[in-house]
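Student: If you want the building blocks of each chain, they are given just below.
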Amino acid sequence: MAGKKESFSTVWKKHKYKYLMIAPFGAIFIVFTLLPVLVAVYLSFTSFNMVEKPEFVGLENYVKLIVYDPIFLTAIKNTLFFAIITGPVSYLMCFLFAWMVNDLPRIPRAIMTLVFYAPSISGNAYLVWKLLLSSDSYGWVNAWLLKLGVIREAVTWLVTKEYIMPILIIVQLWLSLGVSFLTFIAGFQSLDKSLLEAGSVEGVKNRWQELWYIILPSMKPQLMFGAVMQITSSLSVSQLSIDLVGFPSVSYAGHTILTHLHDFGNVRYELGYACTIAVILFFIMLFCNIIVQKLLRKLG
Amino acid sequence: MKLIAFIKNWYYRRKFKRRNRSIGGDLLLILVLGFFGIFSLFPLLYTLTSAFKPFSEIFMYPPKLTVENPTLNNFFDLGTIIEDFTVPFSRYVFNTLVITGVGTVGTVILGSMAAYPLAKYEFPGSKLMSNIIVYALMFSTSVTAIPNYLIMSALGIIDTYWAVILPAVGGTLGLYLMKNFMVQVPDDMLEAAKIDGCSEWGIFWKVVMPLCKPAWITLVILSFQQMWGTTGGVFIYSEELKPLSYVLSQLVSGGISRTGVASAVSLLMLIVPIGVFVFSQSNVIETMATSGIKG
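Protein chains in written order, with our numbering: chain Z, 1 to 300; chain A, 1 to 295.
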């Protein structure tokens, strides 16, 4: 913003209230969010084991990570595969379910919102999946498949290479009606109702036309917000994988960028290297975000 | 046939029936919602019933969703464990109330305050700030924990409530959410308020916030949930300052013999956020019905 003709004092006089309203949040944000991020970016150029002082090593971590770390490539592959499916699907699910729920009368709407939101309301409710998919014949899924004669012996769902990724994807989708879903619900609630009525008078024939011509164009800010949320959440899966399929998972089938980070940050205490992973993940997210924003701008 | 005619008649007379809605579409909608609703609710039902299962039923083969002999034993066991704590249980509840209350109110108010100018005005630095806010959402928080710890110990707030409250308030999700809703507040409404002699501060409280009620109610839910689930981690180490979810998560990791107690704990931890959710959601719907806000 440099190079503006106005001097500092005229800018301040004109926009004093705006800066003052941002200031309290801004101060906390700079100290507790921005500063730690900048420190982490600096650390990505160092070798740091949390005991000795960080030692500057230039691009060494980046070279090591991209060229000499085959497991990181597996992690990227897994993460992208996971995100390409769960990102768009969960985004559509959030929007479609919010849209359908919104068409219900008052009380059923409140109930259904709760039903869909319930999985993400408690931090670790997904752990019940571990019981359901338990490897012995006591696991719910195994027990029923055995009883129905689909399988002959218990399947070790969570430690079989081929099943790990599909299971993670299903559980993530089950969990995904969270922030974006609620935001879309709120978006529908703050829609201008007179727009919909005017539409129905002027010949909007069915709910699909209403969705396309009225709702989508007026929900753009919420759609943008939801997109950012789904991109970040689908690319930063880690706790789910660690809790469900263990760490490290069988043949690294559930290994993601963030579990790789967890490995170096929380297990091996190579924080410089862990920060490098975080920086690379940041750029992957940024890249996806730019593409999706471009796509969304074309809409409606 | 008479019954079908009756249902049809009833259906068309309902208030929620809008002109451009077909009966087939409504039926399809109910079917789809019902089907996925069961899928969504199922594992939670399992938690619910497990909490009331006696030990013999938890490991029954084949496992069942329903309870045959419901019992409160899991809760009594939990009670016995709680009585043995060195710190009184009420202390943990108090800690959680303070952290959740201050954290939620702080996030909603400070975030909304900062979101308003960024959403509705352009001024030197506004573009840059808006961008930084989105980018900040994309940096993994697991590596910022260490720098955060260093900063907090320099400020001397490690092992206080602030150590978990301030980083949460400084997160940008709330601001970004509010900003995306505030963009939709019509400019002429702000102009009209200004002509009526309203200050920026007055416009924010009396015009913008009421119009964005669905948005900040959503933020209350999200923020409450986040604060409710925080365990304090390494930032709070004194036992008498630890929040509820820390102790309860300790109980859950107690192995197979504690499976029943763990389900009871999960259930209890779920009840409060669900209560807050239902309360705030019904609040939104209530205002919408009475005042009919236009955005």
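Misleading hints may appear alongside valid ones.
Below, simulated DSSO-like cross-link-like pairs (lysine-lysine); rule was C-alpha separation at most 27 Å, straight line [unchecked claim]:
no. : chain 1 : residue 1 : chain 2 : residue 2
1   : Z       : K16       : A       : K120
2   : A       : K213      : A       : K242
3   : A       : K64       : Z       : K130
4   : Z       : K294      : Z       : K77
5   : Z       : K14       : A       : K127
6   : Z       : K193      : A       : K127
7   : A       : K206      : Z       : K220
8   : Z       : K220      : A       : K242
9   : Z       : K77       : Z       : K130
10  : Z       : K53       : Z       : K77
Just so you know, these hints were derived from the structure itself, not from any lab.
Student: Determine for every hint whether it applies to the structure shown.
Tutor: Structure-based check of all given hints:
For the proposed pair K16 (chain Z) and K120 (chain A), the alpha carbon gap of about 15 Å is at most 27 Å, so the pair holds. Between K213 (chain A) and K242 (chain A), the direct Cα distance comes to roughly 33 Å. Violation of the 27 Å bound is thereby established for this hinted pair. As the CA atoms of K64 (chain A) and K130 (chain Z) are separated by approximately 15 Å, the hinted pair is consistent with the 27 Å bound. In summary, the hint linking K294 (chain Z) to K77 (chain Z) is supported, as the alpha carbons are separated by about 24 Å, within the 27 Å threshold.
Only pairs whose Cα atoms come within 27 Å are accepted, and K14 (chain Z) paired with K127 (chain A) is accepted, the gap being roughly 17 Å. The suggested pairing of K193 (chain Z) with K127 (chain A) is violated, with an alpha-carbon distance near 31 Å, which exceeds 27 Å. A hinted pair counts as satisfied when its Cα atoms are at most 27 Å apart, and K206 (chain A) with K220 (chain Z) qualifies at roughly 25 Å. At roughly 41 Å between alpha-carbon atoms, K220 (chain Z) and K242 (chain A) are farther apart than 27 Å, so this suggested pair is violated.
Using a Cα cut-off of 27 Å, the hinted pair K77 (chain Z) and K130 (chain Z) holds, with the two alpha carbons roughly 25 Å apart. Restraint check for K53 (chain Z) and K77 (chain Z): not satisfied, since their Cα atoms lie roughly 34 Å apart, outside the 27 Å limit.
Consistency with the previously given hints fails for numbers 2, 6, 8 and 10, ordered from lowest to highest.
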